[in-house]
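Engineer: Sequence:
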Amino acid sequence: MKRRLCCLACGLIAALARADLPTPVAQALAAAQIPPASVAVVVQPVDAPTPLLEHNAGQAMNPASVTKLLTTYAALDLLGPAHVWPTTVWSDGALANGALAGNLYVKGSGDPRFAIEHLWALLRQLRARGIAHIAGDIVLDASAFAPLDFDPAAFDNKPLRPYNVGPSALLINFQSLRFTLQAAGSQVRIWLETPSEGLRLDNRLRLSAGPCPGDWKDRITLRRHPENGGQRLEITGSYAAQCGERTLNLAPLPPAEQSAGLIRALWRELGGELRGTVRPGRLPADATLLARHESPPLAEIVRDINKFSSNVMARQVFLSLGGEAEGDDPPASAERARQRVVEWLAKRRLSFPELVLDNGSGLSRRERISAASLNRLLLDAWRHPLMPEFIASLPLTGIDGTMKKRLHASAAVGRAHIKTGSLDGVKTAAGYALDSTGRVVAVTMLINDPRAEGGAPAIDALLSWIATGVDRP
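Throughout the sequence shown, residue numbering follows the numbering used here, covering 1 to 473 in sequence.
In case anyone wonders, no lab produced these hints; they're calculated from the structure. Don't take every hint at face value.
Calculated lysine to aspartate or glutamate pairs in the EDC-like style (CA-CA distance at most 20 Å, straight line) [stated by the list, open to error]:
(1) K158 <-> E234
(2) K307 <-> E389
(3) K217 <-> E234
(4) K405 <-> E335
(5) K307 <-> D77
(6) K217 <-> D156
(7) K405 <-> E453
(8) K158 <-> D424
(9) K404 <-> E453
(10) K307 <-> D400
(11) K404 <-> D286
(12) K158 <-> D215
(13) K217 <-> D202
(14) K347 <-> D380
Using the sequences plus the hints, can you model the full thing?
Structural biologist: Right, here's the structure in full:
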């Protein structure tokens, strides 16, 4: 068996060498048993007319989260780096003696980062205006995005994970609840840090012995049960004593229930009273504006998306691209967002015939692009006036974001801004790097293979090869 694996590795190295890949990259791919046909690479100095290195450049492949490069670059150009998403509060009744007659309306426009503290600040503005009692309902208007039939379990059958939360024009706190877990004596303690009125925790977790496993989150199960007009959240599974104290973010509630529970809890904490319910609806044309919150500018949002590979935020931005239209301004949809990106590429004279866009985040089995097209995108972005904002949003090797823990002992530390991607069977990276002479190089590497998980060392080897400038093919 050992001899057969050795022969296989030797054969892969020989095949990769024939593909004109640098020796360290070929060796790393061979060690992971990833064949040349599963790999695409393009390396091109931004001031050179032709690539320094090409392999399978025209092959359509799944880019995983590297898709975010296309989404964020298009958004910076089409929406502008100063673009913000307002969330507004309105009323349709008069205020007298602290009581608001009628309903209160909260209207969203797709803010990718509308967190609990922003909602609190909006509600605090209402209290500052003297509103203490709301006679009607709190109506949540998410009509800026077209209705979406979204299944959070469709991608990987993990519907509670926050990265599987669907987009919404009024996405509040990423639709997530934050829990703190602590191994204490022979028990597991759980605190719900995110307020949610009507939700009760039923802790049935078992404390287990042994080390804290890497998949500790997967060993915890949540189930909802109706209870006295509210919800009982039953938490079962096991938690290892050596895990100590950890935080866990999950999205166990449907969007309407999560929003209603959070708003009711915060309003009550602020000393407010609500006689009606919290429900979905539409803002009437004659409503009066009471308060407004603006998101951070797009340039800052893009940094969060690329540095930390936020799928939810990327989906929000992608849908926002489909929200601006001539005339009636219909609600944003993924179909219109895809159309607008394709039209934008055409205006920039970028033809990507193999391109398949799904949701713009890369959390998709359908999305496709070639290494050659990604390389052209990177070169175009380098020449764009917004190049500094775009590149600064990418993780810096060995320093921050998704590249923080990689390449620490190599010459590439701090010398490359690289967006990474990872799915089952997919490992990718693309961005910009400095070679040994200080020249800027665009680099793309896509791996689509059942053994792709082992491809990270090959990507790191390519970045190190660029940084050192040795063993050029």
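Engineer: Tell me, which hint numbers fail for this structure?
Structural biologist: 4, 11
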